[in-house]
Amino acid sequence: MSQNNNNTQKEALFSPKNQKLLSNPLGKDNPISVQVLGICSVLAITVQLQTSLVMAISVVAVMGFANVIISLLRKTIPPRIRIIVQLTVIASLVILVDQVLKAYVYDVSRQLSVFVGLIITNCIIMGRLEAFALNNKPWPSFLDGIGNAAGYGWVLLTVGFFRELFGSGTLMGYQVIPNAVYEMGYENNGFMILPPMALITVGVIIWVQRHKDRSLVDVS
Amino acid sequence: MSNRYVFLYASAMVIIVAVVLSGAATLLRPLQERNMRIEKMQNILAAINIPAPRGEVEDLFDRYVTNTKIVNHVGDEIEGDAFEVDLQDEIRKGVEDRRLPVYIAEVDGEIYYIVPLRGAGLWGPIWGYVGLESDLVTVAGANFDHASETPGLGAEISERGFEQQFAGKKIFDDESNFRPVRVVKGRVDPDDPHAVDGISGGTITSNGVTNMLRDGLELYKSYFEKLKTT
Numbered sequence: 001m002s003q004n005n006n007n008t009q010k011e012a013l014f015s016p017k018n019q020k021l022l023s024n025p026l027g028k029d030n031p032i033s034v035q036v037l038g039i040c041s042v043l044a045i046t047v048q049l050q051t052s053l054v055m056a057i058s059v060v061a062v063m064g065f066a067n068v069i070i071s072l073l074r075k076t077i078p079p080r081i082r083i084i085v086q087l088t089v090i091a092s093l094v095i096l097v098d099q100v101l102k103a104y105v106y107d108v109s110r111q112l113s114v115f116v117g118l119i120i121t122n123c124i125i126m127g128r129l130e131a132f133a134l135n136n137k138p139w140p141s142f143l144d145g146i147g148n149a150a151g152y153g154w155v156l157l158t159v160g161f162f163r164e165l166f167g168s169g170t171l172m173g174y175q176v177i178p179n180a181v182y183e184m185g186y187e188n189n190g191f192m193i194l195p196p197m198a199l200i201t202v203g204v205i206i207w208v209q210r211h212k213d214r215s216l217v218d219v220s
Numbered sequence: 221m222s223n224r225y226v227f228l229y230a231s232a233m234v235i236i237v238a239v240v241l242s243g244a245a246t247l248l249r250p251l252q253e254r255n256m257r258i259e260k261m262q263n264i265l266a267a268i269n270i271p272a273p274r275g276e277v278e279d280l281f282d283r284y285v286t287n288t289k290i291v292n293h294v295g296d297e298i299e300g301d302a303f304e305v306d307l308q309d310e311i312r313k314g315v316e317d318r319r320l321p322v323y324i325a326e327v328d329g330e331i332y333y334i335v336p337l338r339g340a341g342l343w344g345p346i347w348g349y350v351g352l353e354s355d356l357v358t359v360a361g362a363n364f365d366h367a368s369e370t371p372g373l374g375a376e377i378s379e380r381g382f383e384q385q386f387a388g389k390k391i392f393d394d395e396s397n398f399r400p401v402r403v404v405k406g407r408v409d410p411d412d413p414h415a416v417d418g419i420s421g422g423t424i425t426s427n428g429v430t431n432m433l434r435d436g437l438e439l440y441k442s443y444f445e446k447l448k449t450t
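In order, the protein sequences belong to chains A and B.
Using the working numbering, the final residue of the first sequence is 220, and nothing's skipped along the way.
Using the working numbering, the final residue of the second sequence is 450, and nothing's skipped along the way.
In isolation and in its complexed conformation, chain A is listed as follows (with noise of 0.2 Å):
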């Protein structure tokens, strides 16, 4: 592993190019909104937006790990079996963060459940570790990482935000919506907690960023 690279000039840790490896994810690169990728995870853990919180931040911590785990061992690893390395990487990453919330937040960790587990198979993930981490260097990967797992996270939290209002009048737990309202007869909405409004929710995300931001339209 000899790092023989001399680089005199040396790129200045926030530079502008690595500006936009953390923003583009959020915007006009996001993994779910314009990628479309990950959508599995989105459907399964955003009844609530505690699990979705803490999910984002699970997957920001597998996710910058990994990036860095795997853009340090870049030149080592035969391009046979990387897909196998990068899978490893991703599973015991996320085998230790589910040991750590169970031993440090249990009863998160036993909210989430199976959640965790199924990091592992978040396809934003390994597609970033193939496309970038493993032709860039640790500090940018390390960024791309964390920008995607947080164009992910918000995603996330948005549709946790919208399906927990509006499904059990909860948020994070805590009623807010005054039980005045529901005595006018509003009720809670028992198709926002079903999968199917996720993908609804997540469309409507979609929608509103196209609008706003017509280069997007009909590129993916």
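In case anyone wonders, no lab produced these hints; they're calculated from the structure.
These numbers come from a predicted model, not from an experiment.
Treat the hints loosely; a few may be bogus.
Unchecked claim - Chain B is faced by these chain A residues, among others (derived, beta-carbon under 7 Å): (1) V47; (2) L96; (3) Q99; (4) I193.
All C-beta atoms in this analysis are idealised placements derived from N, C-alpha and C, irrespective of residue type, glycine included.
Dock chain B against chain A, hints included.
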């Protein structure tokens, strides 16, 4: 890259990952086991409606749970530490070999009997504790949990709103026949002492709770009858 390199690379990677993961698991094991003990105590106390914040669980448990017993299906007591009995292992044995834990609690002079239950939900196991008042007929409270039921649907069995419905229900009818509480689909009569309202979209999990209550409590029937006659 030669086959040899690929093979060595893969082997080295697997060994490193194995060492790191088993190291982490060993390091974190004591913390995780303590968390599980605390959760078990919390659940037992929740079955008689005593909220136990994390920091105080062990004190509260020692104060309220005055006695624990292990019984068998004919109601005789067996030696052993009830807290260490894992229902997951017991449920695989034949009925006559099963060790059935009973936790006896005393709160403000009232005696409560708490029994653990375990059954099957839609995706995985479900379990819980039911607290009975000293008449051994009236349910004082219940606490349920699950491994992997769908959030918002089957997972609602572990929500307080669902569990609270069980308080005041009865597991024997007026003629002392065993008649456990059922989780019913659709609207239920709130005055029915043997039924609670099920969960929309969680019918299979609700049925799992019904079966768990029936099969689990039935094993304790002889023990309860013995207690009542003495």
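Quick rundown of the hints versus the structure:
1. Restraint check, A:V47 versus chain B: the minimum CB separation of about 4 Å is within 7 Å; hint holds.
2. Evaluation of the A:L96 hint against chain B yields a held restraint, the C-beta minimum of about 6 Å falling below 7 Å.
3. Interface restraint check: A:Q99 against chain B, minimum CB-CB distance 5 Å, threshold 7 Å, status holds.
4. This hint holds: A:I193 has a C-beta 4 Å from the nearest C-beta of chain B, less than the 7 Å allowed.
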